[in-house]
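Respectively, the protein sequence lines represent chains A and B. Take the first sequence: its position 252, counting from 1, is numbered 251 in numbering that gives the first Met the number 0, and each next residue is one higher. Take the second sequence: its position 240, counting from 1, is numbered 239 in numbering that gives the first Met the number 0, and each next residue is one higher.
By construction, these hints were calculated from the structure, which means they are not laboratory data. For each residue, glycine too, the CB sits at the ideal point set by N, CA and C. Heads up, a few of these hints could be off.
[Claimed, not checked] Here are the simulated DSS-like pairs of lysine-lysine, each with C-alpha atoms no more than 27 angstroms apart in a straight line:
#, chain 1, residue 1, chain 2, residue 2
1, A, Lys6, A, Lys102
2, A, Lys32, A, Lys6
3, B, Lys204, A, Lys74
4, A, Lys246, B, Lys39
[Unchecked claim] Here's a subset of chain B near chain A, in silico, CB distances under 7 angstroms, partners left out:
#, residue
5, Phe25
6, Val62
7, Glu63
8, Ser66
9, Asn70
10, Ile72
11, Gln75
12, Asp77
13, Gly209
14, Phe269
15, Pro272
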Amino acid sequence: MIQSAGKVISNKKVKPGYFLMGIRCPSIAKKAKPGQFLTIRCGSDSATTPLLRRPFGFHRISASGFEILCEIVGKGTRFLSGLKPGDKVDILGPLGNGFSVRKGDKNFIIVAGGIGVAPLASLAESLTRIKKAEVYAIIGARTKNALLCADHFNDIGIKTMIATDDGSYGKRCFATDILNEFLKIKRGFRPTIFACGPEPMLKAITHIAEKRGLECYASLEENIACGVGACLGCAIRTRSGYKLVCKDGPVFDIKEIIW
Amino acid sequence: MVKPNLKVKIGSLELKNPVMVASGTFGSGEEYGNLVDLNKLGAIVTKSITLKPREGNPPPRLVETPSGILNSIGLQNDGIETFIKDKIPFLNKVKTAVIVSIAAHSINDYAEIAGRLNKIKRVDALEINISCPNVRGGLEFSKEPDSASAVVAAVKNRTSKPIITKLSPNVKDISEIAMAVQEAGSDAVSLVNTFTGMAVDIETKMPVLGNVVGGLSGPAIKPIALHMVWETARRVRIPVIGIGGIMDYRDALEFIIAGASAVQIGTANFVNPKAAVEIIAGIEGYMRRNKIANMKELIGCLKT
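Generate the whole structure from the sequences, applying the supplied hints.
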């Protein structure tokens, strides 16, 4: 892990309440893997609110930098949404363990809910580079105006299915409804599931994966203070005791989680 | 001018500078080893250890509040034996003072941990945590002068290392407790630990923290902590170590001028891992600018 000054190279609103920021930071980008995260100090040096650095999954990663895709939910993300190209940001990363793909695995399905799609884009890109891989994605959102990344997933050749809560785009259902139906129709297809999204979605996926005996890895969120495993603040319950989202995760085998 | 002398003494322990990282905020140092030059720190105070492993409190354990953090970690640690086996080898390579924080539910356990650590050369001092607000009984020893001094006397009996007693601010008069532990043989006091607090989720109508209550730290508590340090430093003969929301060298100097012989950096480590190292450089710069040759000239120089 490295603490480094990154330079904002782009920052644009992608949907109402959502922004995509490009950051130049080669030292951290070179080491980052899909599923890992970074923390950013959201304010001036002397600001005490917001106080803690805010965690974000790497959205897309290149040799010289990376993107973060964020939803404006509070003071920290509001501050970041106002940054301009050329602004400096204090970044710590890469943190945690990323997604790992088992050797020989060729069948994958990505399930994202809301802003949970953010850390799955770089994973999606890396999965499409596996020879003869068959990759699907299901993206769920509240409404069309909150649907993220669907075009990008299609552009990189991933067959993408969409669910919205209000039916304003794709099917009017949950992402997990599509997952259930898809697995039922596509018999014999036994994909590894990669997921990120709200807790009810992840709980439902746990159930589906267990019922069908599928491997499933999910990226989890918790309030993060240190990000390096020192403060023990981001503990979650697992079948082998408390684990830290920042150090043991944020990606966990979903069967291990006690919801 | 010549390089200012930042050395301070905590009992028989000499530190290269007055800036330590606070217990629970820096693990055993290893967690931050890639980010921070640990050798520059005045001391590392390690995460509190108990005799037996403790799994800690149920999540959520941490939430940000205005200019502060509420935490209820609950003394999660692997126990003294694992600490000695797994952490000491790393600490052996670090060229700074190592102060081991110890916590327990009984006076016997405090004494037992102190006894086991007494044989470990790398341990330069003990900090007795009698003030963790997040475990049942954790605060009890710090509440009354008698129980606080009983812990100190029992630890003193089993160790030849300097003892620092970490005090709780959740008491009627913290300087009373400081006086009591001084009489019991504590070589220094560190204050303050976190203030008991809580937060409520108005949607679920549930406490935000899994443990319901937690300890408040960060800039929100600094003026109160500073006042407690000033009051205590005026009453005790032993060194006072100031803790509470120190974010930069100016904050650190406020504590030192008010009477602290040294300071501990806690929450600021999360905001900027290099905070402690930058604070050391900031203090040195201040001393140069103000032509102060020795830290001793600064400690308790408050004009009232």
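- prompt: Among the hints numbered above, which are violated by the structure, and what are their numbers in rising order?
  reply: 1, 12, 13
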